[in-house]
Structure formats: C-alpha cells, structure tokens
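> Take a look at the letters that make up each chain.
Protein chains: 2
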Amino acid sequence: MTSVKDVARLAGVSLMTVSRALNNPEKLSPETYQRVRSAIDELQFVPSLSARRIRGDNLQTRTIGVFALDTATTPFAVELLLSIEQTAQQAGWNVFILNLLSNPPTDQNVDLMLSHRPDGLIFSTMGLREVTIPQRLKSKPLVLANCVADDSSLVSYVPDDETGQYRALHHAFSQGYRRPLFINLPKKSLAWKIRQAGMQRACQAFGLATGELLQYDLSEHDAYGETAAILERHMIDGRPQFDILICGNDRIAFCAYQLLLGRGLKIPGDVAVLGYDNMIGISELFIPALTTVQLPYYEIGRNAARYLIDGLEVSGAQPVDCPLVVRESL
Amino acid sequence: MTSVKDVARLAGVSLMTVSRALNNPEKLSPETYQRVRSAIDELQFVPSLSARRIRGDNLQTRTIGVFALDTATTPFAVELLLSIEQTAQQAGWNVFILNLLSNPPTDQNVDLMLSHRPDGLIFSTMGLREVTIPQRLKSKPLVLANCVADDSSLVSYVPDDETGQYRALHHAFSQGYRRPLFINLPKKSLAWKIRQAGMQRACQAFGLATGELLQYDLSEHDAYGETAAILERHMIDGRPQFDILICGNDRIAFCAYQLLLGRGLKIPGDVAVLGYDNMIGISELFIPALTTVQLPYYEIGRNAARYLIDGLEVSGAQPVDCPLVVRESL
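Chains as they are written, first to last, in the UniProt record's numbering: chain A, 1 to 330; chain B, 1 to 330.
I should point out that these hints are in silico values taken from the structure, not numbers from a laboratory. The hints are all genuine.
Pairs count within a copy or across copies, as identical chains cannot be separated in the list.
With a straight-line Cα cutoff of 20 Å, these simulated SDA-like cross-link-like pairs (lysine to any residue) come out:
(1) Lys266 x Ala228
(2) Lys266 x Glu232
(3) Lys140 x Ser152
(4) Lys138 x Leu112
(5) Lys140 x Arg117
(6) Lys138 x Asp150
(7) Lys140 x Asp41
(8) Lys140 x Arg37
(9) Lys140 x Ser3
(10) Lys5 x Asn23
(11) Lys138 x Val46
(12) Lys193 x Val148
(13) Lys27 x Thr106
(14) Lys140 x Ser38
(15) Lys188 x Tyr224
(16) Lys193 x Ser219
(17) Lys188 x Asn103
(18) Lys138 x Gln44
(19) Lys27 x Gln108
Throw the hints in and build the complete structure from the sequences for me.
This is the structure in structure tokens:
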C-alpha cells in the first residue's frame, strides 16, 4: 500500500511537508502544495483519517457521524443536515451520514456507524418524535437533533413549539382576529400537546374561552382531504364562519389556500391564514405570502454540531426558538 | 483495544461464532446470538468493516460512498438517497453519505471519502447538472446519479427528459388543447434544451408551428414572481388567451394555480395546467390534482446502486424513463 513516505519521496519533500499538505495546506506555498498533491494523485495515495488521528498529525480533524431517520418522508428538513455540515466545516470537522430506514437502529446500523470511528454522534429525525438510542451509542459523545429519547438525560435540541404557537396566536389576536378555526396536527404527534399549551396561554391572554374554539385534529399526517371537509362545514352561503384559519403545518395551509381562492375569497381580506413550519422550497410559493412559524431546523443542526465540537456542558432537552415569520396572509 | 478474541472469551464461544454473529446472525440460534451481542455490548467492541473485509469474513458486506451535492437547495430529490439505501440494504451492502457544499469536491472531500474505504462511489446531484469528477475518484468503481460529467465515458443515470416532455405534450394535444402557453425552466439549465427537443417532436406530430408558440423562459430558477407577470400578459378581460399552461416544474404550476383560482377560473374547465417533477411532499397538495411528468429519482438511485452492486457493463449516459402521471388538471 502506498505510504506517506512514497509521497514524500516522489514530491521531493519531507514527511512533515506531506503532513502539512494533508492537514494545514495554508501553511505551504501554493507551489509546494501542488507538488505534493500531484504526487498524491499519481500514487493514488489515500490518507487514513484514523491513522492521522492516532499519529496526532492534526488534532483539528474530527468526524461527526450522523444518523438520519425519516429523511425521505419529510424532505423539508434537509436544512438540518446542511447546517451540521456547514458548522462542522467551519470548525475543521468532517461529517458523514447514515440513513436509517427504521427506529431503533439495527445492530448492523450501529456496527457500521462505529466502524467509521466517529468522534461524536448526532441522532437526527426529520419530524419531531421519540427515539430509542442503543446503549452502545452512548459510549460516544452523543446529541439528539429534532427528537427526544426515552432516556431523558441525553442532550436533545428540539423546537420550542409552545412559545412558537403562543407567539403566533398572540400576533393574530393582536390584529383583532377573534373567531379562529384550527386544523391541528394529529393528536398522536409529539408536537400536538406542546402546541396546545401555547394556544391556551395565548387564548388566556386575550380572554378567549378555549373550550368554545373550533378545533379539529387531522387523523393522519397526510390526511389533507380532511381539510376540504372541515372548511366546508364552516362555510354558510360561501362565507367562512371564521375570521382566521390556524394550520398545524404549511401543507394544510396550501390546500386551504386553493380551496378558499377557488371560492372567490380573498386572503387575508375575507379570511386570514396562519401556517406552521416555513418549509424550505414551499414557503416562497404562497400567493399572498404566508405568515407562519419557522421550525428552526438550521439552528437545531448548528446547536447539535456545536455541542459536539465545543464539548458543551448541558443536559436534557434544549428548546430552540421558533421565530414568527410575518408576511401577508393576516 | 478490544478484539474479537476478547468477545469470544467472554461469550464462551469460538471465534467463528463471533464472526457469524457479526456477519451472518441468521446462522446462529437466537440464544447464541444474544450471548455474543451481550459480550460485544459489555466490552464495547467495535468491529472494523475493513478488517472484516480483509479477513474475508463476509464477502457480502460492501460499502457504497455517496457524494450528495445540492441536497439542501432541492429537498425534493431525497428519494434518490432513499432508493440507494434501500437497494443497498436488500443486497447486503451498506451506504454512507458525504454532503458536498460545492462542485467540484475539494481535496479534503475526496480524502475524507477515500479514507472510509468505500467499495464503490455514487456521485449524485439533486438537480440535473454537469459536474467535475476528480481523477482520484476514478480509481474506484464510480457512477453518476442525476448528473453528467465532463468525462463522457463515465456511467451516468439521468432523466429521459426528451421523451418525458414529448409524452406529456402528446397527451395534452391528444386531449384537444391547441393554444399552449409555456413557462420554461431557465435557458441555462441542462434540462431546457433536452425538453425543447421533446416539445418540438410533439408539436410536429400534431402540425403545430413551434415558431408561433407562446414560450417564456424564467430568468432564474426561483423567479416565480415572473409567473404572475407572464400570466397577466396573456389574459384579456380576465379570460386566458391560452387553453393549457405548460410549466417547467411543479413549483411554477403551484404559483399558477393560486393566480388562476384567485381570478375565479376553473382548472381544467377554463384552463388546463401541466406540471413537471411530481415532487415528493408537494405533488399531493394540488387541488385539483396535477397532471405532471415524474422525475425518476427513485429509479435513478436504484439503477446507480445496482450498477455498483451487480458490476454492470454499460458506459456513458443512461436515460431513465420519466413517466407521465395523469391526474385531473387537464
């Protein structure tokens, strides 16, 4: 197997220079760096990260292994992986990702992850949920992103949905809306209960009786057909019997937009709409632009990566702020 | 460092039994497997994949390294990664992913990928584009997914956009539509020219003069504001001067839906809409459901993985069929 010595010999430089080319190229002149790189290319030399780490060539190069669960079913959370990558890169760390097709991970998933010898682990899910963390993973620095574990001592960055929902409704009620119609996430979703608490706090602040609110919980995450039936039930002679529609996510809002616009109603003139998620790739398509709560995927990814990189001392669930994005729909 | 011998000793089994537990657990009784796993857990033993491969413990366990470029800007292509994962899993292979933040990959990206010692490489992009493949990566079995390289001998699975566009327009013209308005992808995108060829073929089949068609190319991928202006220009007294809107992607179609519905027009009664992409997470939100061309992300991922797993003998670009998904919008 080609060694670093072969590279040094071919390039006519010292071992130290090859090491610098691999780890701190900014310390070399462009010419020297290019000479080493050419030798590496010619010999098809593959530096071993773990070997470099053992030799202590570069204490800066650390690797984060990321388990990613549910990526494909919730494509909008890709910002979480992007921010882990960007945060790591800025700190001189590397990232690799293993997709999980099921929770908990199989023994083979865990074997594969550990065989790559990561310095720290992020366990991420694309929709907020509870996960099971195998004991063997807990031997490494570990942090959860957008999920919570059965073991509540584990560090976990999650959206602060209580404050997010409270803030959005406080904004809506401050605009004068008083007859909200809610189409919520399914009751079994983790976010449902948390957001109800925020909703109740906002209603109390404005003297609205929560028992009298028009509230519907979707039966399934993808049951958007139900949105049409719920809206239908609260229209009389084509006029909505509510002044604002509060949606559990932006996809519900998107269906509602088409149904309301198709009936000749103006948003927000005839009826206002409030979303939740601010999904990448979607949120910019609403006409008029949607006021919504932002799920802080980018911040969650950044915080999780920084936890490992900086070795932060926190424990348990860490709520991450969900900003209100005020646009034109209310 | 804990070795396989330590595990065997603690579990009271042979080295062969430990090897089987790691590689072919189905060959062991559940009790024996559990005894070995407990020993592995207790000793926090980490099997090294590369060591296993060198020892020939299990020729079935191979690893695919995936470069993923542009994931975050085009979240809808996650099915590509999902299908690579599922295809690999079914064949007893493993997958790990490295995100790229830029093209071409940096030397550090390449070092990191090769240091994980993959048996084969997939270079994937989320939107069809041309990429530059560093020479060092070509020493491995390599396949491109949803992109083409400057080196045209490389195997590359790409959407068959020519046939996709042809088939969709042939379907539309067969329904009797004859006054299409096109809002195309930006002219600089790779898909633009390919789809124009399909469009011209369909127009010829129905005797439509392509020079007289209403065609607009968006100036930027995200310039959806232009959609409103283009539609406005082709309405007289609130009536569209076209019978079908042909969209370069489903996001343009989504903007158009709201603009058309907001003017009291019925889809497809007053005007039909044809999309392109069939984006996961989006395509099911259209009311009425959108007829569109499917970008075959899942098939592309599967073909790329099978190319490596089966050692297929093909070369150059391999077009993958883009099916027409007929729904209710025309």
